[in-house]
Structures are given as structure tokens and as C-alpha cells.
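J.: The primary structure of each chain is shown beneath.
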Amino acid sequence: MADKQPKWKDIPIGGVITEAGNAFQYNTGDWRSERPFVDMEKCIHCLQCWVFCPDASVLVENEKMSGFDYVHCKGCGICAHVCPVNAIEMVPEGEADKVAADQWGIKEKKTASESGKEKPAK
Amino acid sequence: MKTLEMKTLALTGNESGAEAMRQIDPEVVAAYPITPQTELMHKFAEFAADGKVATEMILVESEHSAMSACVGASAAGSRVMTATSSAGLALMWEIVYVAASNRLPIVMPVVNRALSAPINIHCDHADSMGCRDSGWIQLYSEDGQEVYDNIIQAVRIAENDGILLPVMVTFDGFIISHTMARVDVLPDKAVRKFIGERTPLHPLLDVNKPVTYGPLDLQDYYFEHKKQQAEAMRSAGAVIKAVGKEYGELSGREYGFFDEYLTSDADFIILALGSTAGTAKAAADELRSAGEKVGVLKLRVFRPFPAEELAAALAGARAIAVLDRSEGFSGIGGPVFQEVRSALYRRYQIPVSGYVYGLGGRDINVEMIASIYGDLKAGRYHEDKAAHFGVRE
Ligand code: SF4
Ligand code: SF4
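Each protein sequence line maps, in turn, to chains A and B. Residues 1 to 122 (the numbering used here) make up the first sequence, in order. Residues 1 to 393 (the numbering used here) make up the second sequence, in order.
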């Protein structure tokens, strides 16, 4: 690994970065000790979290909050703190995978039951 | 050799530094006043206020901010200078390293003064010697003329494409800074031509080539950047020599790593920095007229340390005394003493005797230096632990 990296003569002096935007290549997500989860049922899409996130890690699609960029989110919890409806929960990384799996499960169930309810009504 | 028409002025060391700065006309100067540097910046601020320079003067609230402003301005692409002393340099500390590590060719006169505590405004070299590991090139000046000459050369050395390191030009507080002496000054145009324009490598203000200065640099790259700095410092010697030679062609005053005074046949050599070298030369003159074979080696360039050349210059001596105007608190001896011993290691077997002297401005005179030659002649060496010379026992 180390010998594939550029040698001392091959990099710009003084630690200057000459290539714009290369912070994107840096996986800062692995610094995280807590992972944010959003409850889409509570979210009112005010985008406060998007404004305050210091790492541009709140994702937005069609002007709606759509989740997190976990490759770069450092888990600071600011988004959870500023959310006016407490839609974001910070979960310790050790438990986060389980929560993520559960969330998928819950969502699938809810979607099924909701559509189940809707169908007979029509 | 045809040299230029020179103006002869009576200037204090501080005024001499300010005159060099006026001629250099740096784009940005950020400074904070501290004794004994105050008069230098006062004079330069006057030049700025009177429109004699086009410099953007930034008045800051501390030396930490002064060096920070210098770092920003130099990264932006400007030619930048500041000046300080003692506690001011100590307060800059963090950013002194940043300037060198970001490879910014800032030039800074340091008017040497003791560090607190107890508080003392007079000369010793504790301030600049404390900075010896910061990655700055260091030129020590014996008198007002050398202050002027070194500051002008420092611009060329710092901005050399292969070097890009900041340079400190030091001179003794009060002894040089506040003493009036003859200074031969080059025509403004000749100085402008000699220093040329700065062509910055990665100017922050070049919006077409955006760059980032000072990013996080961890285990995988930091060491490579330090290696680059170390190699730049190693290469600086050749550039310092070449610039000193070119300056000699211009002014008639050539500069190298050190100045050898009556050393070629000398049995006993005293090695000193700054104004004490002048006192030592006077002592050597007296002893020479009494038939003693003594000489003086005045070290001008302390960083990079010219080990090989220095060892060769000392090779013929029977014994050497090294005078340090700072303690260093290594328990062994001052920083110059240790470097000289290390330079001689495995090259020559010559006794090196260490003297720490002149702390807090304690005077040293011709008789005292003559007594050091006497010690060398009598074989009284301080080889393992430097003597505290001039202290009341
Ligand atoms: S935890 Fe911090 S870094 Fe992650 S999305 Fe929220 S505000 Fe951004
Ligand atoms: S701050 Fe809360 S409510 Fe607003 S968009 Fe973010 S998660 Fe949704």
C-alpha cells in the first residue's frame, strides 16, 4: 500500500493541495462514533439539518431531505440538535447496523400495511 | 570589479534594517512593536506613512497575529516582511513553524533580546537560538552594515525556487540596534534589480488555479513534507553562497557562511556570532601584535549549519573556543558549541572549549576575550561542560 503512494519528490511542497475538491475522496465517515437516523414520518423537510451540517452530509432530493451521506458524515449530531421536530436520532455505531436493519424491516411492514389499508378503501 | 556609487549614511542598526526594508518595498508588512525592535518598525511605518514605500502595513494586536497575517499574505503571493524580538518571537512561535512548513519566503529581522523571566530587555541570543529547529534560515549580523546587506540578500535566498524557506536576519539588541555606525547603502534601483520580482509558486490569489494551504496531513504524507523541508534546508547552503557572491559583485562586499579573521595560521581560534565577533577581532589584533597566533571565526549562517566548510576552516587550529550568547539548558553547553563539536566529529581531533557569556546583555570586552585565548594557550578547556563566562562566582 505505502509504496504505491507518491514519493516525497512527487508531491507539492508545503502540503499545498493543488487539486480542487479532493476532500470528497476522504472517507471521514469512519471517524463516526454515532450515526444519525431520520424518521421520515416526523420530518417536515424544513432543511435546517442541511443548513447546519458542517460536512455537507445531509442529502436533499427535489428540495426534500432524503437521508445522509454516511461516507462523509462524522456523526457530530448537530443535525439532530437543530431538527425542530426531533426527527433525527443519534445511535451509537455499535448498535447502528441493527437499527438500520430494523428500520428497513419496519418500513417494509408499514408500507405493506398502509397499502393494504388503502386498497380495500378504493 | 566595478562597484556602484554608494551612499554613506550614519545609521543605527534598526535604521539600517528599516533602510533595507524601504528599498525592498515589500508588498505586505505586519508587525507589532517590542523593545528593541520598536525603532526599526517605527522608522519603516514612517516610510509607509510618508508614501516612500507602497507597502500595505497591517497593524495587528500581537506577534501571533503578525506572523499569521504574514503567512496569509505570503501564501496569497506577496513579498512579505515583519520584525520582532524576544517575547514577541516567543509569542509567534506556533506560526513561525507554519511559515516554514508552508514554504513561505518571509523575511524577518530579529533584534536579539533575552527571554523572560526575569524580564530583561538586553541582548542575548535565546530568542533566535530557540527558533533554530523551526525550519527558518538564520543569518547573524555583526554590525549595521551586515544588517543591511543580510536583509537584502535574505529576500533572494528565501524566494529562490529551490528553497522557498523563510529567513531570519538577527542582530544584537541595543549593541547593534541602537548604536549608530557607518552604513554604505546601495542605490534604490540597484536593490530593486538585485531582488527582482517574486514569482510565487502556488499563489492563493490565482483564482484560475485554486489551491488549499494548511490541510490536515497525517501519517501517510506528513513525513514526506518534512523530508522536502529538510532537503530544501540542505540545498540552501549553495544558494546562500551564490547570492553572497553576486551581492559581492554588486556592492564590493561578498558574503559566505562565515568570516575568517587571521585564522589561516592561527593556533587558537575563537568562534563567535554577532557583535562579539567584532570585539574578538580587536582582541586578536592586540594579541597578534604581541606575537600570538590567534584568529576569529565569525559564523554568519547558523541555519543551515555549514558543518563541512566550518570543520575545514578550523582544521589547522590547536584549540577552539566557541562563544554562545544563550544557555540552551542542555546541561552540556550552548547550541553553537554543540554544533561545532558535531561538525568536527570524525573529521578532526581538536579540543573545543565552550563558553556561555553575555546573558541578558552582560558586557564582554577585549580583555575578557584575551583571557579566553589565554585559557586555550594554557590548555584550560571546557570540553564536557561549557563555562559560564563573566558570571560572579
Ligand atoms: S451528524 Fe453531523 S456530520 Fe452527520 S449529518 Fe448530522 S450534522 Fe452532518
Ligand atoms: S431538520 Fe428535521 S425536519 Fe427539518 S429537514 Fe432535517 S430532519 Fe427534516
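Calculated directly from the structure, the hints in this document are not laboratory data. One or more hints might be untrue.
Stated by the list, open to error - Here are the computed lysine-lysine pairs in the DSS-like style, where the Cα-Cα straight-line distance is at most 25 Å: (1) B:K189 x B:K227; (2) B:K241 x B:K43; (3) B:K293 x B:K377; (4) A:K98 x A:K42; (5) B:K226 x A:K9; (6) A:K7 x B:K227; (7) B:K52 x B:K7; (8) B:K245 x B:K227; (9) B:K52 x B:K189; (10) B:K226 x A:K7; (11) B:K193 x B:K7; (12) A:K4 x B:K241; (13) A:K4 x B:K226; (14) B:K43 x B:K245; (15) B:K377 x A:K9; (16) A:K42 x A:K7; (17) B:K245 x B:K226; (18) B:K193 x B:K227; (19) A:K42 x A:K64; (20) A:K7 x B:K209; (21) B:K7 x B:K293; (22) B:K226 x B:K193; (23) B:K7 x B:K189; (24) B:K227 x A:K9.
J.: Run every hint past the structure and note whether it holds.
T.: Each hint tested on the structure:
1. B:K189 x B:K227: violated (38 Å)
2. B:K241 x B:K43: violated (30 Å)
3. B:K293 x B:K377: Since the Cα atoms of K293 (chain B) and K377 (chain B) sit roughly 10 Å apart, the hinted pair holds (cutoff 25 Å).
4. A:K98 x A:K42: Between K98 (chain A) and K42 (chain A) the Cα gap is close to 21 Å, so the pair holds against 25 Å.
5. B:K226 x A:K9: holds (11 Å)
6. A:K7 x B:K227: holds (10 Å)
7. B:K52 x B:K7: holds (18 Å)
8. B:K245 x B:K227: violated (28 Å)
9. B:K52 x B:K189: holds (14 Å)
10. B:K226 x A:K7: Within the cut-off at roughly 12 Å; holds.
11. B:K193 x B:K7: holds (17 Å)
12. A:K4 x B:K241: violated (38 Å)
13. A:K4 x B:K226: holds (19 Å)
14. B:K43 x B:K245: Not satisfied, since the Cα-Cα distance of roughly 30 Å exceeds 25 Å.
15. B:K377 x A:K9: Distance of about 50 Å is beyond 25 Å: violated.
16. A:K42 x A:K7: violated (51 Å)
17. B:K245 x B:K226: It is violated: about 29 Å lies between the C-alpha atoms, which goes past 25 Å.
18. B:K193 x B:K227: Judged against 25 Å, a Cα distance of about 33 Å means the pair is violated.
19. A:K42 x A:K64: Holds - the C-alpha atoms of K64 (chain A) and K42 (chain A) are around 13 Å apart, at most 25 Å.
20. A:K7 x B:K209: Holds. K7 (chain A) to K209 (chain B) sits at ~23 Å (cutoff 25 Å).
21. B:K7 x B:K293: It is violated: about 37 Å lies between the C-alpha atoms, which goes past 25 Å.
22. B:K226 x B:K193: violated (33 Å)
23. B:K7 x B:K189: With Cα atoms ~13 Å apart, K7 (chain B) and K189 (chain B) stay inside 25 Å; holds.
24. B:K227 x A:K9: This hinted pair holds, its Cα atoms lying about 9 Å apart.
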